[in-house]
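Colleague: Spelled out, the chains give:
2 protein chains.
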Amino acid sequence: MNFEIMITDGSTRLGKITTDRGIINTPAFMPVGTNATVKAMTPGEMKELGAEVLLSNTYHLYLRPGHDVVSNVGGLHEFMQWDGPILTDSGGFQVFSLAQLRKIKDDGVEFRSHIDGSLHFLTPELVMHIQGALGSDIAMVFDECTPYPADKEYTMNSLKLTSRWAQRCLDARNSEQSLFGIVQGGMYKDLRRQSAEELIEMDFNGYAIGGLSVGEPKELMYEMIHHTGPLLPKNKPRYLMGIGDLLDVLEAVSAGIDMFDCVMPTRNARNGALFTSQGRISIKREEFKNDDAPLDPKCSCYTCSNFSRAYLRHVYMIKEIISMRLNTIHNIHFFLDFFRNMRDAIGNGEFGKFRDEQTPVLQENFHP
Amino acid sequence: MNFEIMITDGSTRLGKITTDRGIINTPAFMPVGTNATVKAMTPGEMKELGAEVLLSNTYHLYLRPGHDVVSNVGGLHEFMQWDGPILTDSGGFQVFSLAQLRKIKDDGVEFRSHIDGSLHFLTPELVMHIQGALGSDIAMVFDECTPYPADKEYTMNSLKLTSRWAQRCLDARNSEQSLFGIVQGGMYKDLRRQSAEELIEMDFNGYAIGGLSVGEPKELMYEMIHHTGPLLPKNKPRYLMGIGDLLDVLEAVSAGIDMFDCVMPTRNARNGALFTSQGRISIKREEFKNDDAPLDPKCSCYTCSNFSRAYLRHVYMIKEIISMRLNTIHNIHFFLDFFRNMRDAIGNGEFGKFRDEQTPVLQENFHP
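From first to last, the protein sequence lines stand for chains A and B.
The numbers in the working numbering rise by one with no breaks, and the one at position 270 of the first sequence is 270.
The numbers in the working numbering rise by one with no breaks, and the one at position 134 of the second sequence is 134.
In case anyone wonders, no lab produced these hints; they're calculated from the structure.
Using N, Cα and C, we set each Cβ at its ideal position, and we do this for glycine too.
Accuracy of the hints is not assured; some may be wrong.
To be verified - For the chain B half of the interface with chain A, some residues (derived, Cβ under 8 Å), not all of them:
no.: 1; residue: Gly75
no.: 2; residue: Phe79
no.: 3; residue: Ser118
no.: 4; residue: Ile321
Stated by the list, open to error - Pairs of lysine-lysine residues, derived as DSBU-like cross-links and limited to a Cα-Cα distance of at most 35 Å, are as follows:
no.: 5; chain 1: B; residue 1: Lys105; chain 2: A; residue 2: Lys289
no.: 6; chain 1: A; residue 1: Lys289; chain 2: B; residue 2: Lys103
no.: 7; chain 1: A; residue 1: Lys319; chain 2: B; residue 2: Lys353
no.: 8; chain 1: A; residue 1: Lys105; chain 2: B; residue 2: Lys289
no.: 9; chain 1: A; residue 1: Lys284; chain 2: B; residue 2: Lys39
no.: 10; chain 1: A; residue 1: Lys47; chain 2: B; residue 2: Lys16
no.: 11; chain 1: A; residue 1: Lys289; chain 2: B; residue 2: Lys289
no.: 12; chain 1: A; residue 1: Lys103; chain 2: B; residue 2: Lys236
no.: 13; chain 1: B; residue 1: Lys319; chain 2: A; residue 2: Lys39
no.: 14; chain 1: B; residue 1: Lys47; chain 2: A; residue 2: Lys39
no.: 15; chain 1: A; residue 1: Lys39; chain 2: B; residue 2: Lys105
no.: 16; chain 1: B; residue 1: Lys160; chain 2: A; residue 2: Lys319
no.: 17; chain 1: A; residue 1: Lys284; chain 2: B; residue 2: Lys47
no.: 18; chain 1: B; residue 1: Lys289; chain 2: A; residue 2: Lys319
no.: 19; chain 1: B; residue 1: Lys39; chain 2: A; residue 2: Lys319
no.: 20; chain 1: A; residue 1: Lys319; chain 2: B; residue 2: Lys319
no.: 21; chain 1: A; residue 1: Lys236; chain 2: A; residue 2: Lys353
no.: 22; chain 1: A; residue 1: Lys47; chain 2: B; residue 2: Lys103
no.: 23; chain 1: A; residue 1: Lys218; chain 2: A; residue 2: Lys105
no.: 24; chain 1: B; residue 1: Lys16; chain 2: B; residue 2: Lys105
no.: 25; chain 1: A; residue 1: Lys289; chain 2: B; residue 2: Lys47
no.: 26; chain 1: B; residue 1: Lys319; chain 2: A; residue 2: Lys103
no.: 27; chain 1: A; residue 1: Lys284; chain 2: B; residue 2: Lys16
no.: 28; chain 1: B; residue 1: Lys39; chain 2: A; residue 2: Lys39
no.: 29; chain 1: A; residue 1: Lys319; chain 2: B; residue 2: Lys152
Please model the entire structure based on the sequences and the hints provided.
Modeller: This is the structure we're talking about:
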């Protein structure tokens, strides 16, 4: 994996990650394909929409169908028929947010599956083995996602555990995979610094900021992003995990973040919440019943190029599968188009202007 | 609408229906798009798979979103973005099979919606108005689907009602639509003859056989098809409603039937029951867990060209939307390919050979 910065504008960077499976232009949005499928979409459609990298979930694939199954069929790319780069998370966040009866030990985490209650024990070594079996291009270290709020002692111990696990992941890494460290440290600036320094010492291919957007006020999250971003090596990709509110993305890009992932475009789509140039639209509303206009007149996606709001409302109300497809196409297009436009703006030295122009539209979409 | 017979082989016919929106090669299979969408599919995908005509349901679209909504948006073709021919059924069968508290009166049928219990009254004139508003290429007369079993007096009265309603539909027809009559008469040969004669007198653009596959033994259904098919005008399309077991289709084609519709390929797909050259496969079976072979090695569809049985099982087990998409693509391909091959065989004077060759495979798919 190679990372090249093309242009910088203050802390903001326009970059390019070159992998064996293709180029990822940064700042990049990674659509989420939790169970080896971006919900409702084919891999071909994702490519057409311009996705350059997908994220898939180690925790979910470990539980179902099992990494051995994926490996037997030739790895995750072959399994899901996506030939571009894939980043797998480590399961650390899912163990924190989904699994039950979680017991964190020094060696790893014992938990019960959220699906069937079965007992599991994930260690850094096993997580690296799973990600190796999946064959993702970028693997993530196994970390403890520090909860919010957490006192300083807990947070300190937690970040130390994450650092020890990071080293064990490095030791167990599959040489063909890139590996990213994950900075923890909760809402304590000195601990964020300590976490970053310990991980930088280990020399990862890239660095993620974890443990944000876990319940803290937005101002605090922004403060942590601005504090932590610049601590990370300039010549490595920086990834802000799980954040997709595009106002937050603008803030993070201004702090030098390069990579993002979020289920928001796909999940909201299935709930009929659609992002548009005129603000968020809830497609179920009565006012759209006879509306023959496209969802977003300024949008060039397949959905907006072909179907009326009346049709989108109709198929949403009766829960037809086509509704989830058309809505997902639109929302992913909205996100990927936003990132394309943002990269163009950075390339033209106009990120500030882009941010000012986009902010009111994003307010109407993300905080209407 | 023009109907041309290219080749006959005994009672079997190879034909071509020319509509303003395109050609329908017969024998034809009409995939079902009940709610203005073939479940899980885009119209573009249906075209790619070779569908030449879709069926949509008057009863469902009348209830949701309402024919006025469809009409306001420019009609059903514009609404669902399918520019090929559409046949709409009349709602007669759905009133019989879905609606509640049905009261058949001479003027029409009073019933309660299966969705919200609301009270409705469908008459032949309203049904023609609805189909006119939808703007389908081929409309069907409003009929009473005679139940099974039914005594001769009931069946006689029922067919007379259907004949009176057929005349009222003709009187109320929209001149731009083709209109098909529906032969009833239950399991009584003389009443089937009487129904056919009364409808032929009225001169429809085509003739359907209704009231079959309603619970009667298969031998009796075959007897009725062989009896009724030849009673219908040779120079008009003949449509056997709602039947899609491909063994039944072979039987009906041998009796001179030209058109078919059935939800079987789409519904079975969503339930993980897949038709293949090796017989029906239930994709959830444990044996497919690590199976890297395509679903059907002899199939050229998108699903079989790209994905393994292991993947299809995985996404089926966790109910991912892609499962319904990939399965539906495959099953529709299986049906449309069967019809293409059958038409080729008829064209080559080899329908008998085709039927003999296909019968064992179809047994394994439809009566395993």
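Colleague: Indicate, hint by hint, whether the structure satisfies it.
Modeller: For each hint, the structure was consulted:
For Gly75 of chain B, the shortest C-beta to C-beta distance to chain A is roughly 11 Å, which exceeds 8 Å, and the interface hint is violated. Hint status for Phe79 of chain B: holds, given a least beta-carbon distance of 5 Å to chain A, under 8 Å. The criterion of a C-beta within 8 Å of any C-beta in chain A is not met by Ser118 of chain B, whose closest approach is roughly 15 Å, and the hint is violated. At about 4 Å, the closest approach between the beta carbon of Ile321 of chain B and any beta carbon in chain A falls short of 8 Å, and the interface hint on this residue holds.
Between the alpha carbons of Lys105 of chain B and Lys289 of chain A the distance comes to roughly 33 Å, so the proposed pair stays at or under 35 Å and holds. Note on Lys289 of chain A and Lys103 of chain B: the hinted pairing holds, with a Cα-Cα distance of about 31 Å set against a maximum of 35 Å. Straight-line distance between C-alpha atoms of Lys319 of chain A and Lys353 of chain B comes to about 44 Å, which puts the hinted pair past the 35 Å bound. Between Lys105 of chain A and Lys289 of chain B the alpha-carbon distance is near 33 Å, which keeps this suggested pair within the 35 Å criterion.
A distance of roughly 19 Å separates the Cα atoms of Lys284 of chain A and Lys39 of chain B; the hinted pair therefore holds under the 35 Å criterion. Between the alpha carbons of Lys47 of chain A and Lys16 of chain B the distance comes to roughly 39 Å, so the proposed pair goes past 35 Å and is violated. Distance check on the hinted pair: Lys289 of chain A and Lys289 of chain B sit about 44 Å apart at the alpha-carbon level, beyond 35 Å; violated. With a C-alpha separation of about 74 Å, the suggested pair Lys103 of chain A and Lys236 of chain B falls outside the 35 Å cut-off, and the hint is violated.
Distance hint between Lys319 of chain B and Lys39 of chain A is fulfilled; the C-alpha atoms sit about 10 Å from each other, no more than 35 Å. Between the alpha carbons of Lys47 of chain B and Lys39 of chain A the distance comes to roughly 24 Å, so the proposed pair stays at or under 35 Å and holds. Note on Lys39 of chain A and Lys105 of chain B: the hinted pairing is violated, with a Cα-Cα distance of about 48 Å set against a maximum of 35 Å. Our distance criterion of 35 Å between C-alpha atoms is broken by Lys160 of chain B and Lys319 of chain A, whose separation comes to about 39 Å.
The straight-line distance between the Cα atoms of Lys284 of chain A and Lys47 of chain B is roughly 29 Å, inside the 35 Å bound, and the hint therefore holds. For the suggested pair Lys289 of chain B and Lys319 of chain A, the alpha carbons sit about 30 Å apart, so the restraint of at most 35 Å is met. Proximity of Lys39 of chain B to Lys319 of chain A is assessed by CA-CA distance (about 10 Å); at most 35 Å being required, the pair is judged to hold. Pair hint Lys319 of chain A plus Lys319 of chain B holds up; C-alpha atoms about 15 Å apart against a cutoff of 35 Å.
Using a Cα cut-off of 35 Å, the hinted pair Lys236 of chain A and Lys353 of chain A holds, with the two alpha carbons roughly 26 Å apart. A distance of roughly 54 Å separates the Cα atoms of Lys47 of chain A and Lys103 of chain B; the hinted pair therefore is violated under the 35 Å criterion. Of the supplied pair hints, the one linking Lys218 of chain A and Lys105 of chain A holds, its CA atoms being roughly 31 Å apart against a limit of 35 Å. Between Lys16 of chain B and Lys105 of chain B the alpha-carbon distance is near 38 Å, which puts this suggested pair outside the 35 Å criterion.
Of the pairs offered as hints, the one joining Lys289 of chain A and Lys47 of chain B holds, with about 27 Å between alpha carbons and a cut-off of 35 Å not exceeded. The hinted pair formed by Lys319 of chain B and Lys103 of chain A meets the criterion: a straight-line CA distance of about 30 Å does not exceed 35 Å. Taking the CA atoms of Lys284 of chain A and Lys16 of chain B, the gap is about 42 Å. The hint is violated against a cut of 35 Å. For a cut-off of 35 Å, the pair hint linking Lys39 of chain B to Lys39 of chain A stands: about 16 Å separates their Cα positions.
With a C-alpha separation of about 42 Å, the suggested pair Lys319 of chain A and Lys152 of chain B falls outside the 35 Å cut-off, and the hint is violated.
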